[in-house]
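Q: Spelled out, the chains give:
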Amino acid sequence: MNRKRHLGLQQLSSLASVVKTFLGPIKSSKFIVDKRTYGSVLICSVVRLLESLDSNNTVGQLLNDTIQAQNKEYKTGTTTLLFLVSAWSSAVLECLEQGVPLSIIVTLMSEGLNSCIEQVQCLTISIQDVTQKLDDIPMKCNKKVLIRICFGTTGRQIIETKTLGMSESYSCVCPGYVMSLCPEKAAIAKQLQDRPLDIVLIAGDLTDTYRHLGFNRSQNVRMVLESGNKRIAQFRGKMLVTYVQGNICESLEEKCFLHNILIINQVTHAVLQAFSNITGAEIVTYLAQVNEHCVGKDVYLNYWGTGESSWRELDSRVPIVITAKGIHLVTVVLSSPILSKMQATEDNFWTCAYCVHHALLDNAVFPGSGVVELLCLSYLEKLGKEVKSSTKEFHTDNQK
Amino acid sequence: MYFFESELELALGWRLFLGKMSRVDAKKLSLCTREPLSQETVGHSLAAFSHIVRSCYGPTGRLKHLHNGLGGYVRTTSHSSALLGSLCVAHPVLKLLTAAVQNHVSRFGDGGLFTAALCCSLLGKLRDLNMPSCTGVAICRRLSSQCVDYLASEACGCKMPVDFSRSKILLDLVRSVLTSKCGCMLSREEAGHVGTLVLKAFLLTVPQNAATGVTGFGRCFYVSMKDKRVLDSSVCSGLLIETPEFHLTRMLPGGRTTSSPIRTALFSVSLSGDVCETGEGAVIVHRGVSLEAAVLDQLLRLGQRMVKDGVGLVICQKVIHPALKQYLKENQVVAVERVGVAMMESLKEMTGSQAIASLQLLSPAPYGSLKDLRTQHFAPKWFLHLIPEDSAICSLVLCNRNETAWEELKLACQTAERVLQLTVKDPWVLLGGGCTETHLSSYLRHQ
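Chains as they are written, first to last, in UniProt numbering: chain Y, 1 to 400; chain C, 1 to 447.
In short, the hints are calculated from the structure, not lab data.
Calculated pairs, DSSO-like style, for lysine-lysine (alpha carbon to alpha carbon, straight line, at most 30 Å):
(1) K75/Y - K410/C
(2) K72/Y - K381/C
(3) K325/Y - K381/C
(4) K318/C - K308/C
(5) K72/Y - K226/C
(6) K325/Y - K329/C
(7) K329/C - K297/Y
(8) K200/C - K410/C
(9) K381/C - K75/Y
(10) K72/Y - K410/C
(11) K75/Y - K226/C
(12) K72/Y - K64/C
Residues from chain C that keep clear of chain Y, each with C-beta distances beyond 10 Å, as calculated:
(13) S45
(14) L94
(15) R107
(16) P132
(17) A138
(18) G192
(19) T205
(20) Q304
(21) G352
(22) E389
(23) V424
Heads up, the beta-carbon is just placed ideally off N, CA and C, and yes, glycines get one too.
Just chain C, same shape as in the assembly:
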């Protein structure tokens, strides 16, 4: 029922807009425009925007190329989030419209094109009917509340309950999202395969123990494998961190023999040996004192402490100094650097530890633990596979033919994930193929 809620938002927005100003220019005085919707330019802009959005929608939807007229990167897409993010919109009415649709997409993850098309068509109809704006707003409000009430009621004829003990309806739901975007270039078999993976990934992000106080879903990380066969995609629990092959040879000597958990240390501070920001003034260093050597010394002592404490894996958000890496490697400690800030939250959750933000370790140090550490090879890339004791993190290795198709497929998978999450909250699906829309319109006509 999400798209009707946002229509309500739009109706409220109109009220504000229609009664008050248009935009304020930096140098000019404020301009007050009465009845901005009646302007000719609005009609043209709305018609063009409506055409763009409608031609991307549905089973006959087609792709759009977005590019700068002077050349440069071409984005090929039919996703509303990509389209609206890249279009330069000048007219204030259109700006408000695109902002509302983008807000809808960021909240619900799906239905952007439908919302945009519906809003354009409503605006167009109201312009043609030439009635006072407040009447138009009141009509829209009444219509949307009728629809929402009907859809929420027991007697609604176009919705079906979702039974989570059977996978068929969930798979169909995911497949309908994936095949709605032609830019993914999926064959039937490929859509089925990726659909199954997305569902598996979603199930892996459902937290096992509700008792631990974790209330949200976990996260699914997408590993990009462009220029590969779609059927080679796969999903696994835990986190995959890409590493160059030469770091992995001899790093994990013949696989681990013990089954005890691995102690981990997670660093958010840079271990690259550089001196921290000195600010505005100059730093005077006495002869015979080397700042770099002093910091390196501190790093090596940190390494010694970790080896003594039995740490098996060191993860750093930023760079690790080569001498420290070498020391850790010689002492059978796996070191992973440059994981980036995006993964840090999930790493904290997986290892159950805070990130260490200084070179001085407290006692006892805030180490975490992992169940297992392995290497994975998805040609031609190599990955370190971090397997947690119990966590709702998974990695989806997504393969597609080329960059364009991969970007579209990733967006489609993220949409499908969001749709599944929302279905858990509200376990109903609406009939597709235009049935719901036709049913609702006939219901409204009979009211």
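Okay, chain Y solo, but in the shape it has when bound:
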């Protein structure tokens, strides 16, 4: 066999030893070091590994595409997929060395895969049984309380906040939108606590020069539009919270301080949408568009983690939570004292959350600890023995 022809397969099979250390209950994280800048990144997952490695060959690109597709669709199982790709590449190389034609290899492998999928159906455990045995079943993520809460949040949207400098015991799940305010805004927030508030939702920037997407500015016409300052005055006297997706100009922010209006910017569209859905307020692009359909009611603001006197954040920001009754939005707060571990914690959380999501969707889970893998191995071995002992010719389209 011409070794040069199967370079791609060889490259793939060499990945197995690296990926194996990401699997199973005893994992080892890796550091990827950039030779030029000497910067390093802590890697705990295969997706981040492939993103960080430079790949200028075709196999690397195809592998990256495949893993990214799995990640985008399911957000889990990427490590297993990469390990299988690598292991199967070694198996294919072995078969090619023995002269087996490629089309036969492909047919048999897909048949083997399909029949294994059929066989493992008998191992599934329904969700009802799982909730009772939660403490017995080994799980990837050690945040079991998170899983219990996730069971109760089907159909809701989850977003994250990351806090740095606090120990991991501060991580938790909270309904509504949690974020931190600078001290000046915290003073306004104090006055808005514990009473029903109005809310206005703005997708875009609150600056003089902002225009909506698709607006073509003419090169030689300078426009000065009436500033939003006048508009914001119409809300004077109301208890108001405003969410803005982008930035705010300083003069407007000052006006808001004067009128006791809390403006929160850099809010993602998902949060705007969640509040729009529950309060009925339309999301607008310009402040000038705000009318009675665009003001939502019955939004509540509170300090988050009140009573936790040891709470502190970088540059003395104050955490608050804004919520509305029945809102389909949940904020997960992840905290860690180590910056390099933040990305890994976040990835782990999402993998866990998606595992639970898929489990609820399928209404079933598989047991862990290699039970599924062992069943497949013993089944395939049995098949292999049956074929060897059979006196008939093995036809490739035999349905087993």
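Got chain Y; can you put chain C on it based on the hints?
A: Structure of chain C alone, referenced to chain Y:
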């Protein structure tokens, strides 16, 4: 019989080429080369090209990776259109060859690899025989006319008539096109499913009323759903326009209760409120006059006029100003923006109206109509479904495992569509599996 027609073209092309110049360089003088086919470099280039094309062809055909040596995007394909479009070809003979094959593919939509392989093999044979070029051209011409005459005759033994009242032969034809490309990564079941959809889509593009003067087939739009299961693909009549979910909630209040047609307004001009191009000079604006406010005012008056005229759907090729969108939404008018120029022709045909190109509406305004408007959800995307009264437009929601497989499958479906269209014109199929080629070669030998 299409591939033989193009071989004729190639023979004519050779005649021009063999007698005259090679290429003209910008700085050098014109170079005249006699007998360019006899050069060594031509032999090597042709052999390499022939190997590339042959190794993609047939049931054992394999994929090629096309990429820049310095890195960047990798295209994985076995389609001739993708291969020839991406290969950098330097030699003039090869350039002519690839241009001829690409022209063939753009006219007939199929048979690119076969044509390229056939041309390479003919060129190779003629080089080996070392005869004068005009003799070679004459031989090829005679051979191709014999083949064309035989295939057109009644006595031809390798063709079968197509009976359009039965779907089996059409399904087999479509499936043979889809499974010829291994890059689609289709299982047998999946190939069957997509084949049925392609045939359904083709039937939806056949115009219902020939009397209205429409002489061509309609159009099939492909909706991309990458990283999804192939078996989730589907087809529907009308047009699917992707919209973000939040635009759709509350846009169509609980589905439409009336069954009357929806009045539509189609705009090709931008409704985003920007001032049109001012050209080279500067524009002086007096104090107190705001250009933006003036244009926005005009847009809102346009909106009021449309609401008064009972328009139910506004479609704009470009962007709509948020304030206008808000006004229309508050008045129960659905607004769709950024559909792009590719869809405009089909939208004009579906709604039966011209596109409005200015902010001033004529009286009466050129509105169109649609039979129905619905929302469709193909997870995770949301679509607005425009259903016309009677039109040959359909949408094929094509799903495949990943981007590479999806691109290959789309090309394969487009090829299959083209093959079906050509079969309507000429209702015969040739036997596959190499039978036709073997039969023809034995026929020629006995002549």
